[in-house]
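S.K.: Listed below, chain by chain, are the residues.
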Amino acid sequence: MIEILGKLHPALVHLPIGFILITLFYEWYKGKPSVSLWGVSTLSAILAMGTGFILLKTGHFEGLNMFLHMIMGVVTTVITFLLFLAKMRDGSLFRGQNTFLKIALIVVLGIGGHMGAELTHGEEYLPLPFQIKSDSIIDYSRHDTIILYDDIIQPIFKAKCNRCHEDGDARGKLNMTSKEGLLSDKFGDPAVKPGDLQNSEIFKRISLSTWHKKYMPPSGPDLTYGEKRVIEWWIRSGGSFTDNVKMMSPPDDIKELLFEEYGIDFTKKSFYEKAEVSALDQSVIDKIKSKGFNIGTLADNSNFVDVNVKGHSSEWTSERLQSLLEAKIQITWLDLSDSDFDDSHSNILSSFPNITKLKLQNTNITDATLENIVNMNELTVLNLYGTNASDQSIDNILKINKLEKLYIWQTKISEEGVERLKQGNSALEVIGASTL
Amino acid sequence: MCHCGNYEKYTRRDFLQKTTLGLGAFSMASLMDPGLMARNVMNNIENAGPHFAPKAKRVIYLFQSGGPSQQDLFDYKPLLNKLNGQEIPKSILGNQRLTGMSGGQGEFPLAGSHFNFKQHGQSGAWVSDLMPFTSEIVDDLCFIKSMYTEAINHDPAATFIQTGSQLPGRPSLGAWLSYGLGSENENLPNFVVLVTKDKFGQPLYKRLWGNGFLPSHHQGVQFRAGKHPVLYLHNPPGVEDADRRSQLDVLKQLEEINLENTNDPEIEARINQYEMAYRMQTSVPEVMDVDKEPDYIYDMYGPDSKKPGTYAANALLARRLIEKGVKSVQLYHQGWDHHGNLPNAIKVSCKETDQPTAALIKDLKQRGLLEDTLVVWGGEFGRTSYTQGQLTPDNYGRDHHPRCFTIFMAGAGVKGGFTYGATDDFGYNLADNPMHVHDLQATILHLMGLNHEKLTYKHQGRRYRLTDQFGVVNHNILT
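Residue numbers (this note's numbering), protein chains in the order written: chain E, 1139 to 1574; chain R, 33 to 511.
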């Protein structure tokens, strides 16, 4: 029963705020005080203070902010009472301090009220223009740099829980902003018991039915399904405060959630998605285009380029090919297929270190051309279909460690050669060997 | 003095927007310069993509018009054979919308498939013996058995899966791809449509490959079988090539005067299209000339492949177009709408399409083109597990069923030998991992390097997407 009185505190505090402001305004406007108004202000202040103490007693509050708020409340009541006494004595009391007391009252009332509002609505309830958000932006693209607790779990708490469970105001004696607070068991079960979901109070509370009176958070936005699942996984897998996401090797369903909620991508990344090169100058792009090539960046966040021959058929001159050298670092996909490209131009290929996909199908090249690709350390796909490549190139092809796919339909590479390729590089997929 | 052209350059809406948004003098400057107006005010940027590194650079969409029966092809449901002839349980039927064709039936007896299913390949995918050639390549295919749509009849359902809206007027998938990614070959259209000749059934209409409100050079261009693949492309008798060239040059001069005055982007599109048509006079006969294809290729695609206009011949052409850098090729094959006499009719559809489809995928693979070409096979919806009309020992039919259907994809960026999603034991409701039409569209765009939420076009005051306001990329099926 007495708890209800405590819960009235957030409503009743508005009475003294209102009365005190009215009283001060009346006195300034009329030029003389009203004893009865000061009396009502004092009464309402005492009422607010009283219910505040009850709330403090029954609500398990802790923290510096709460203590300061209490002091402000008490000081407000005391000053109001002193001013009431002064007015009752017809101004004979505190004649010299009258103005000072009134100013002090306004300041204390303002600060105390603001702190109360922060306790009730959270620290960010009043978005002031000069408050700078200090949150750093997390780069979710590299999962070995994402600390699960720091970068994912604590931000969830910050958004959904810390408003009531923070340093200055730890309701239920729970401070969720620190490791110590989360692991502390001074008030029943600890919030987080690493590895033990059943006895971790946080998980119990967030997974109750939403109408349950112990459900958390009691107001404000609920935790999303994904957030609950990630917290569950974190506690279950040991509740580490230091491990990064990659070390924790999440199961597939969590990977999916981490991707959907945070964009953490666990799929294997290609060279051109990881490496960075400088951007090509527009004049170089225009020049290459004017030589009969299509050229475009792979993506709007990448400077690598994809080059192919316009219409896939054209007369070759060394001069046209030379234009590509200005983009030799940026070219990662090169498609010269169905063109008159042949051995005589092929030494140019040794100049492109970053090619990952090379298409030479239906050109007149022979083994001589493949001498020039052995240094393409990033090459993963090589298409030789419809060329004169033969078994003589196999040693050269095997020098390309990262090669994943090799297309050899209608070449002179024999079945024996295919065997040698497979033995030399077990990760290599050879396509078009004989019948598919 | 004639002012007639002037007030068409900007609409009242543009005027109000520009002047009321507080940009005052700045906006007046653009009002004074109609060039800025026509091109920039809409914020529509062509070839803005790719947004991220693409897995696929081209797409071949094999559209099976009419709605193939998943229960007879890929979605194996032995329970239907066990309960053949029994009424579908009320709990399964639910109160889903039925068509007027079978909705009035007194009873809804389940119909088991008449065709034998076997598991194929290392992946063990179930395929019926209607599809002997497709069953050979299942390890390259990604089946989605949990597709669902919102429309229950052909017109809205086909329009929905091709343009993202049941209502006509939106750009088609191929048009969006052309708008977002541009062209690699200026001698051929970026989006080519091939319709199987002499097939009947549900009508196909140009809006399925239309450009909607996108600039009109993005629309699909239909190539026909026979002497004139593109209508009106050839010079009429007596007109020499040089005559045509000089005529086009004069026409271009006139159009440019008009463009200067009105700044209508459609005039620019028209000039470009005349120029492309001129270039296509040589490029199209070249790409359509299949005589040099060796016999083993014709053997692969099957006996129909030598008859122009068949699905098989079109599949072969699709490969040739892709080789020339055409971004999207869309095949349409009618005749999958088997309301009655399904056991006989579906055999015909499968015979016409099974071998060419499998051959196309194999052919692309051996040439290394499947590496960056996406192939999609599917219709606009599925078919019911209960029979439409009389169920006899040797006959049954199936009505339209939007709640679930099967499609498959192959190639760039999708998992091979993979099956996603599942229907219930009756093949009537979704049981696992549903995939909406908008999800499919979002995923196709994703594979092409486009973010379906970023690929927009502002029209009539709002930005439109292929996926409207919906669609989630399905990462489960991606490699």
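Just to be clear, a hint being listed does not mean it is correct.
Under 10 angstroms between C-beta atoms, here's a sample of chain R residues computed to sit facing chain E [what the hints assert, rightly or not]: (1) Lys397; (2) Ala454; (3) Asp456; (4) Asn461; (5) Leu462; (6) Ala463; (7) Pro466.
Below are the EDC-like pairs computed for lysine to aspartate or glutamate, each with C-alpha atoms no more than 20 angstroms apart in a straight line [as the list claims (entries may be wrong)]: (8) Lys1540/E with Asp1391/E; (9) Lys356/R with Glu1411/E; (10) Lys447/R with Glu1567/E; (11) Lys1543/E with Asp171/R; (12) Lys356/R with Glu1542/E; (13) Lys87/R with Asp1478/E; (14) Lys447/R with Asp1476/E; (15) Lys324/R with Glu1516/E; (16) Lys1429/E with Asp171/R; (17) Lys1466/E with Asp1391/E; (18) Lys486/R with Asp1289/E; (19) Lys490/R with Asp500/R; (20) Lys356/R with Glu1516/E; (21) Lys486/R with Glu218/R; (22) Lys87/R with Asp1438/E; (23) Lys87/R with Asp1391/E; (24) Lys1406/E with Asp1391/E.
Bear in mind the hints are in silico, worked out from the structure with no lab data behind them.
Heads up, the beta-carbon is just placed ideally off N, CA and C, and yes, glycines get one too.
S.K.: So, for every hint listed, does it hold in this structure?
M.R.: Verification of the hints:
For Lys397/R, the shortest C-beta to C-beta distance to chain E is roughly 6 angstroms, which falls under 10 angstroms, so the interface hint holds. Because the closest C-beta pair between Ala454/R and chain E is about 17 angstroms apart, greater than 10 angstroms, the hint is violated. At about 22 angstroms, the closest approach between the beta carbon of Asp456/R and any beta carbon in chain E exceeds 10 angstroms, and the interface hint on this residue is violated. Annotation: interface hint on Asn461/R violated; nearest CB of chain E at approximately 23 angstroms, more than 10 angstroms.
Restraint check, Leu462/R versus chain E: the minimum CB separation of about 19 angstroms is more than 10 angstroms; hint violated. The interface hint given for Ala463/R is violated, since its Cβ lies 18 angstroms from the closest Cβ of chain E, which is over the 10 angstroms cut-off. Interface restraint check for Pro466/R: the shortest CB-CB distance to chain E comes to about 15 angstroms, outside 10 angstroms, so the restraint is violated. This hinted pair does not check out: Lys1540/E and Asp1391/E have alpha carbons roughly 30 angstroms apart, beyond 20 angstroms.
As the CA atoms of Lys356/R and Glu1411/E are separated by approximately 27 angstroms, the hinted pair breaks the 20 angstroms bound. The suggested pairing of Lys447/R with Glu1567/E holds, with an alpha-carbon distance near 15 angstroms, which does not exceed 20 angstroms. Distance check on the hinted pair: Lys1543/E and Asp171/R sit about 17 angstroms apart at the alpha-carbon level, within 20 angstroms; holds. For the proposed pair Lys356/R and Glu1542/E, the alpha carbon gap of about 25 angstroms is over 20 angstroms, so the pair is violated.
Straight-line distance between C-alpha atoms of Lys87/R and Asp1478/E comes to about 27 angstroms, which puts the hinted pair past the 20 angstroms bound. As the CA atoms of Lys447/R and Asp1476/E are separated by approximately 28 angstroms, the hinted pair breaks the 20 angstroms bound. For the suggested pair Lys324/R and Glu1516/E, the alpha carbons sit about 37 angstroms apart, so the restraint of at most 20 angstroms is broken. Between the alpha carbons of Lys1429/E and Asp171/R the distance comes to roughly 41 angstroms, so the proposed pair goes past 20 angstroms and is violated.
Of the pairs offered as hints, the one joining Lys1466/E and Asp1391/E is violated, with about 41 angstroms between alpha carbons and a cut-off of 20 angstroms exceeded. Our distance criterion of 20 angstroms between C-alpha atoms is broken by Lys486/R and Asp1289/E, whose separation comes to about 27 angstroms. Only pairs whose Cα atoms come within 20 angstroms are accepted, and Lys490/R paired with Asp500/R is accepted, the gap being roughly 12 angstroms. For the proposed pair Lys356/R and Glu1516/E, the alpha carbon gap of about 27 angstroms is over 20 angstroms, so the pair is violated.
At roughly 26 angstroms between alpha-carbon atoms, Lys486/R and Glu218/R are farther apart than 20 angstroms, so this suggested pair is violated. Simply put, Lys87/R and Asp1438/E have alpha-carbon atoms about 15 angstroms apart, close enough for the 20 angstroms limit, and the pair holds. For the suggested pair Lys87/R and Asp1391/E, the alpha carbons sit about 24 angstroms apart, so the restraint of at most 20 angstroms is broken. Of the supplied pair hints, the one linking Lys1406/E and Asp1391/E holds, its CA atoms being roughly 17 angstroms apart against a limit of 20 angstroms.
Of the numbered hints given earlier, the model fails hints 2, 3, 4, 5, 6, 7, 8, 9, 12, 13, 14, 15, 16, 17, 18, 20, 21, 23; all others are met.
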